[in-house]
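S.K.: Which chain is which? The protein sequence lines are D and S, in order.
Numbering-wise (the working numbering), the first sequence opens with residue 1 and increments by one.
Numbering-wise (the working numbering), the second sequence opens with residue 1 and increments by one.
Simulated from the structure, these hints should not be mistaken for lab results.
Don't take each hint at face value.
[As the list claims (entries may be wrong)] Chain S is nowhere near these chain D residues, computed Cβ spacing over 10 Å in every case: (1) F77; (2) H104; (3) G172.
[As the list claims (entries may be wrong)] Sample of chain D residues facing chain S (criterion: CB under 7 Å; computed from the structure): (4) A19; (5) E27; (6) F47; (7) K184.
Cβ atoms here follow ideal geometry from the backbone N, Cα and C, with glycine treated the same way.
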Amino acid sequence: MEKQYRLLYDENLCIGCQACSVACRVENSVPDEVYRLQVHLHTKGEFPNLGMNYERLSCVMCENPPCVSVCPTNASFQSKDGLVHIDERSCITCKYCILACPYHARFINPLKNVVEKCNFCYETRVSKELSPACVSICPTDALSFGDMRQKHSLVHQKSHKEVLVFPKAHLGTKPKVAFIPNRKGMKS
Amino acid sequence: MAYLQARRDFLKLATTGATATVLIPGSLGALGEVALRGEDKFVRSICEMCSSRCPMEARVINGKTVLLQGNAFAKEMGTSLCAKGVAGSSQLYDSQRLVSPLIRVGKRGENKWREASWEEALNLVSTKLSALKERYGARSVIFSSKTGEHYDLLRSFASAFGSPNVFSHWSSCPIAIESAFTQTFGEKLHRDFENANYILNFGHNLFEGLDIPLTKAMAHFCANPSKKLVVLDPRFSIIAAKADEWHPIKPGSDLAFVLALLHVWIRDGKFDHTFVEQYTIGFDNLVDAVKETTPQWQQTLSGIDANMVERIASELYAAAPRCIIDWGHKATTTQAEYQRSRAILIANILMGNVEKEGGIYFTKSAKRVNALAKESIVPELNNPYPRPQINEPRIDGAGEEGAYRFVSKQHGVLTAIPEAILSQKPYEIKGWFLTRHNPLITVADPQKMKEAMEQLEFIVVNDIYLSDTAMMADVILPECTYLERDEGISTLTCKVPTYAMRNRIVAPLHGNKSAIEIMRDLAERMGFGSHYAWKNSSELRAFQAKGNAELLQTLLLRGVASFDVPYFCALEPSLVERFCERYPKSRAWVDAQGCFGHLLEHLKTPSGKIEIYCEEIEKVFKGYGVPRSVDMDVTQGFPYVLTSGKSAVHTNGHTQNVPYLAMLLSSNPIWMHPSTAKAHGLKMGDTFYLQNAIAKEKATVFITEGIRPDTLFAYMGFGHDAPSLKRTHGKGTNPSTFLSLESAPLCGAMITNVGVNIIKA
Ligand code: SF4
Ligand code: SF4
Ligand code: SF4
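For reference, chain S alone in the conformation it holds in the complex (with noise of 0.2 Å):
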């Protein structure tokens, strides 16, 4: 296996002997030996090594070791983390962390740099933004940074600066499935693997992109033998190595398979027709478009055979409504994205799975416990990331006329940022704000993100090491990382409302600052601070919470807080009776089935129900209203299909220079099956050529049966370029050079399953 793999080339390095001892300007190295401190103490707080953002403690033993654990009061944690999340002392005292703000000296990109005091840095910052602002209009600055507390105070920054033009990572990741929850329930559903007992997996690895309360409820839906999981997927991942049943479907075809299910079951009659009936409107929509989608003709589509189809549709319906057709967390695999996350999602419909224990369900948000219970049961938050209106089109045309009409304003289109700066159309783009983001890394064709990048007049960058996309910047920023900062109350709710909070462990080693303070000290000195009714993290905290004193101490001590509210489902009678008994007014919501049906009848979708077809999206993209096949086309005519995902021990392109988990994963050889191999005449550990119409790239094989033969694997997140990152530099193959920046239609995704082709070196 990789890691085995990984073990090797680490004995390799250490055998070769000393490391490196060149100092980086501004890193912690630059500093020596520093003493830790810390209090010898449990802190509760949130881990960010992904995005996931599990609750988690510190135990701080003489200021010196920092073991993490998962955070017991969250209960689906337990003391549970993951390899990243324990490494998180590993990343705090690494000494190839940025510790002083950087001022770029050589030309862009050439990595030379002089040290600054935040002072000067600061103030070149806010000079030079404002200076943007005043020449070439506030929408001359793009801000972009990962979704999280991260990204609504960068929002709320821009907006307030006057930019419309925010990014998050949605469009590299989940933005598929997120527009099809829009669309569909008008709001995102949670899964309830705990109770469900037949659970069918597109390659949603939750072994490998751990999310600790969902990794952990999927392992043991997997042990327990009464309990089936089918996975498809053309690599042999983990979650397929427990699975029930693993099927290698040909990358791409997904959306042919769960069309086939549609089908048999509409020719069968054998789905939830009273659910369908009662909140859904565009089932006849459906029947029309799935009247061709036989399993015989997905099979030529998916090479599955028609005959498994035929038995997943009978065992999915005998166990529905406990079943789960699972729509993973990255939906980025196809041209056809949109329309197979909004098949997956119209599968969980027919099933009749909707707020039910066992399917999936809506967010329980305080805000909506507290209408149903008709009192206050949970404590609502301020926003304190205010957001005025900015009156301004995008340089993506997120959320305007056009073909990313239907794409959340919010959001954005990564992909569309280089044209957009190369043409200078719509109109100038002159700056670029990041934050803890690193496109060149995770983001299609950085070769042209790259080229666009040097055109810009100003980049500023706030990150924990020097990235690639740092390396762009005019000046660096060094953040510091979660273990030394306080941040504002987040929401972790699902089935209950849950808040969290990120309590700093130890104090900033090196002075460094965190993002809130970064941002309010620019708003400050571009004078805009008067946009923010708090000015340091306990007043935002203070100001979130209402003055509730009480949460604020039992997130502070806690790290987490819950209400004691019952679970429910708003279809399981006897647990709308339960809440009932709790909430007496609760009562007056109850319809004649003995459930909270209402919360289904008044969603935020153009009909207020479940939409199996959207008129709206019909009228602008024809064909696409209901789930019908459309491209599934992954090779562009080349031979073999790239595909790439998370491994259990790195995030995207984040952590790969974090001591720990650099040596248990250094480098991510591409996965070939062995027939492949030797017709290019490979052996294991081989170097070849990667290549396709964008890109021609070095690459090591490593040989498996684990995956289709015409399909390779790469794990994200490697061939960086940074050489401040000396353990990951120069090592593996970023797979973000072969993918185009064309995305899906409708949604604005970037699309990670490319052809390629392979050549001997």
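Only chain D is shown next, with the shape it has when bound in the complex (with noise of 0.2 Å):
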């Protein structure tokens, strides 16, 4: 592959504050009934032994990516670079990605009636050498993003500095998204 791009999400740094969110809508121009990245907080424990646990939902760009082998139609596939598109024109909104897809990130575009979910902003984004515009945005810096092939990028030291955990490994998806646990409060 030509590019080993990752995402990283630090749960020590993510605030919840839904910036990503609203910056990825508007980037995307994503129709307000759907979204393709949320961040949702859940307190946990009992008063006053709590903690706070983080999520980031969205496409999590699988290396394995069932999505791609249900596609009839080869709309949804996989580019050299390893990520994960939609090709809108051949997308005959069939909904197997939908119901193959383990991290519910695909949803029907109710305005052009095909399936979307988050690219990583690659086409207005990281094809010109910007971040997502998640990544962008953050106000506490808790997403990076790169090529981990650049030793000197922030998301190759912080991957090689913290434990990552990968969402539903146990799939053998292979997702290009990880996650740093977060260390403060009760844990669930």
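Mind docking these for me? Both chains are given alone in their own frames, and the hints should help you get the complex.
M.R.: Encoded structure:
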């Protein structure tokens, strides 16, 4: 592969402020009723021994993407950079991919009637060497993004310093989105 | 969490189908589809979705999408922005915005309007204001606005008009801490979160009331395992969740906790003796005042274990001077607010963290830096908003003899307005000019405020939405949003001198005018146009910059200007040395310790020193000269305390109707502990009544472990009555309706922790 992209979400820095989610909506003209990206917070424990969980929900860019293998028209495909994209022109809205995705990342864009999801802002930003909108906007630098082959990048350095968690790793989908788990408060 | 709750609300709405298409006269929707215009480029400007005023930039693509992000030329910002900031475009293109001046046709408050031309509306405003001035005197008109450039402009306008009655939002937010600063240091200080090692935080929730540079520094602080954050807050806020320790303190009792800290430090002699001796006065009075305020004593008031206070006191001392006892930014919890704020400042002073890295520091303004360097290294600005002195008493007596003599005349006491209008004392009040100010949501007892407004002869409001307060107006002037207007140069200075400028990103979509244009036009019509040395925003900027084209150019292109002045703390010899190397003439100021100690010895306080004891205050307010235990009760005999605060996606009363933000959080169900809910037979989402002596209001319950059983919490800014704010109209509860107009002694702060009862619906 030509690139080894990784998006790193540091729960220790995330404050659940939703700036990333709004930035994603603006950048990608995501219609009101649907989300490419959400960040959820959950309070855990019993007063006063509490903790907070942080959960970032979006496409995790699987290296083995179930959404691609079920797509009958090849509208869902993997680029040579290893990113999973959807070709709007060939999408017939059969929803197989929506069912196949274990991360609930896909939805139907009600305005265009095609399936959509996070694409790492590939066309508008990443292909132009800009960070994805969510990464760029985050007030606390909870997100970092880059090519893992660049040894000096923040993504590379953080990946080697911290213990990473890959969501639903047991499914063998090999996500490109990794999490640095929260260290504070009551654990769930 | 509340966001999920909001999401559910939203889904419910979304599935119940079509959004109403009733058109409000004068709204953007009434004009139908409007082509979006813009330029395909970056424009750097200043955000205005809250009061933090973060430098930002806009990318305008094909004139359609406006992606806003932080302005990386301001290095503490990077490209970061908060949800409200990013949603700026959603406000800009909101079809519910006001786009045409409106003139009242029904009864006051009835919300019946006709559209008018700008010419007619401005003419009416100027004629009416001039008539009031002629009949009752200029002082019969009051002026109010949020703090910021709008406010400087309005204040200047009011004084040219001749009225002393100008109000900012201060008394409903930072006034206690601001006045504690004035009386202790003669000016405001800032917190060096980046370099601190230990922070004690009293519910200063930078993760829900965001200010990007501070929020970012605080987030990195929290994520750093070698640093320590202790949060005291009755609610498990986001910052509490990020802390190393969270102590659910009883609402209103911060003062007791701080007095106990002071007691422990003084009892054990563990404080910075040299600093106290060299730079402060009144320490002995403090010793006397905190003799009895033991950790044991505070335990009964705050619910925090005495041993905990001992431990935190000793940890803070061990970390000093790289520690901060954080004073927050909204200081309105109790009647004891002034004493609480002063006690916190004095706790910092005892730790000797003033002008130390990782402590607290004085603003390094252009003037201060130039004086220190003994050369002009940073351009100083002209004030474009002149203010002749008005020799008339204010309606609230701020800054004059009496209860509010120590309250700044510049900001006034908002809660004093209704009584003054209703009683027409000390004199007749007939008009009110409100600029982007919505007291019917943000100020205590809006019921009374509304009653008072009904008595007025003339009210003019300029705003971008038809807000609850705008509904009470005779004339509404639709202002353009911050993305559609140029403004003057503003000062962002904290650690180093920095200027910023609001540059317009798109031309006003509907010919709306900026406050600068509105006021300038009115001044001309009312015959005091010569009050201003400028005619439009470009002249204003040039006048302010004293014709410095390079500065203007930088601010146009980059949005911010800083001047490569090295950051220094006056009491850090190595940083002082670095400054002197760059500006050798400044060596003349260096004292025997290698410091700029004189900066702390010639303050704007009566003694010129840091005042632990304020003699002037003591003379008028007995017992207030030094922090002491005073009224911390916030229950007023009721079983629960209703507290309120910000969410990360809304600003006070202003953003609830912004489409993208309304989608994220559309209501404010009241936080309640499960045991409390159970005692009242309430289940998640049930409606019930909150009641106290002032109001009885419907509310919805949000059950969570994250709050003390005796405390309730509401995100503020909900409960809008204005039908024009369709997305937020009638949703949630306005916590202000329960608040009393009785303000905190000495500083005039509105009090936002209030006793209530829970009544089953
Ligand atoms: S913008 Fe950053 S801090 Fe805010 S919710 Fe998203 S990831 Fe978390
Ligand atoms: S997260 Fe879902 S949509 Fe994204 S690549 Fe994996 S399977 Fe496909
Ligand atoms: S990478 Fe782009 S599309 Fe994906 S969540 Fe972030 S902003 Fe949205």
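S.K.: For a quick check of understanding: which of the numbered hints are violated here, in increasing order?
M.R.: none
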